[in-house]
Each structure stands twice: as C-alpha cells, then as structure tokens.
Amino acid sequence: MEHEKDHIIPYRTFLYVLAGLIVLTLISVTVTKIHLGTLTVFIALLIAAVKSTFVLRIFMHLKFENRMFTIMVIAVILLIGVVIFITLLDYLYR
Amino acid sequence: MSLKMEEHRDDLASKTGMWLFLFTEMLLFGGLFVVYSVYRYINADAFHLAAQELSVPVGTINTIILLISSATIAMSVTAIRKNNKKLSLLLLGFTILLGLVFLGNKYFEWGHHIKENIYPGSPVLASRGQGDVLFYGLYYFMTGLHALHIIIGLVFIGFIARLIIKDRIVSDNYVLLENSGLYWHLVDLIWIFLFPLFYLIT
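Quick mapping for you: the protein sequence lines, in order, are chains A and B.
Going from the first sequence to this note's numbering is simple: count from 1 and add 115.
Going from the second sequence to this note's numbering is simple: count from 1 and add 33.
A hint or two may mislead.
[As the list claims (entries may be wrong)] Mimicking DSS-like on lysine-lysine, the simulated pairs with C-alpha atoms at most 30 Å apart in a straight line are: (1) Lys48/B to Lys115/B; (2) Lys148/A to Lys148/B; (3) Lys178/A to Lys119/B; (4) Lys48/B to Lys148/B; (5) Lys148/B to Lys178/A.
For the record, the hints were derived by calculation from the structure and aren't laboratory data.
Please read all numbers here as calculations on a predicted model, not as lab measurements.
Could you build all of it, start to finish, from the sequences and the hints given here?
Structure (structure tokens):
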C-alpha cells in the first residue's frame, strides 16, 4: 500500500496517452469513411474499446489501484455485454 | 493543529464509494445502449440514413475536446501531489473551460437540428417514419443525459477547485480531487461510445 501511495504519475504519461487517444479517434473517423459494411461497426467499436481501456487504466488509475477495482469494473462491463447479447439473441431468433 | 492530524480518513473507502456510484452510472447508460442495439437492429436502414445527417467534424472535435479535458484533470492530480497548487488550479480551470466549449458545440448542434424541425414530437420528424423517430429520440435523450452529466461534472469540479483554494485539498489529502476526476473520466468514457454509435455508423 505504501509503495502505491508513493507513485505519482508523471505529466508526460498523460500527454502520451492523450496523443494515443486522439490518434485512435482520427483512425476510427477515417476507417468509417471507407465503406466496409458491417465490419465498419465492428472496427469502430473495437477502437472505442481500446480507447476506454486506456482511459480506465491510466486516467482512472486502475493500473495502479487495488486489483479489486479492476475486477469489479470487468464484472460490470461483462454484465452489460451479457444483457445486450441475450436481448439481441431474443430479437434475432424469436 | 495536532487535532487535525488525528482526523479520521479512509481514502480507499472514499474511492470505493465513488466507483460504486460510477457502476450505477455505467448500468444506466448500459441500459440505453441495450435499447439502442435493439432499435438499430430493427431499423438498420433508417438509422444508417439518419446518422448521416449528424456532423462528423463537430462530433470529432467534441471527442478530442473531452479527451484533452480528461488529460488535464488527470494532470491536476499529479500537480497537487507535487505540491503545485497553482498549476493544479490552472489545469482544473482549463478542464472547466473545455467542458463549456463542449456544451457550446452541443448547443449549436442541437440548434441546427431543431431549426430543421427535427426534434422529439415534431410532425416533420414523425412524417419521416418510425426509424428516424427512434434514432433522433435516442440521439436527443442519450446526448442530453450525457450533457447533463457534463454540467454536473463542471459544478463538481468547480466545488473541488474551491476546496483547493481554501487549502482543504492538499498534497497528502487529495482523494476528493481524484473522485471528481473519476466522474469526469466516466463522462468521457461514455462519450467514447456515443460518438461512434451516433456519428460514425454510416
């Protein structure tokens, strides 16, 4: 615990992550301009998932926090994913 | 002074409480994403066409604005931990400014649609069919709820800035600043999904 408390994230880490996030945003805008059909949605969501991983781990500090937080966040995301999956199954095969 | 040193504090519990609250927020928007998925599946073509009317450049700029504001509030925590009160406040001020610019863009964006008679309950929108009504209903509700979160976040950050000015948040007691940052990042996180789902699905 004491060790974690001493860890101050340097400014440049945030700037690197920010640059990465902006590049990913521009990539997702460019990719969706190319018409790839259903693949477009998949790629856009994949990039959004990568971006949120960065935000959660670095900006929201999960990487340096007690593991309990990461596990809970994954559980909530899985819960939402499962609900969307089951609901769509119902609509697809009703 | 010595009394102050003995003040009871549990930063981990404070942060845990904030996260638990954020989970309820994630489930709130998660529910809306379920609705979005189903309606989009049923009205794929209408959603596809209606989404083309949203301005991708404005959406992209707003995404970048929120990302920068997330970075500045995160850096504000680093500044306060390094005992740099002035820089911390400056970064918070910058975060608030970016949040206001985001809201300004949203105002013009909504204004543009409303001027074209596209708003919930509008007869022009109703005449365009069920799919468009659902798309714009979700668009106004989800971006509106998100904008409401931005407003609450701005008030929250303003309150935190006041505590920094009054030296209530200092280099060894900054969990409140971290919690306001967590809230702001969550608002950013939600926008990361709203942006492709409404602007980029053409």
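- Task: Output the numbers, in ascending order, of every earlier hint that fails for this structure.
- Result: When the structure is compared with the hints, numbers 4 and 5 turn out to be violated.
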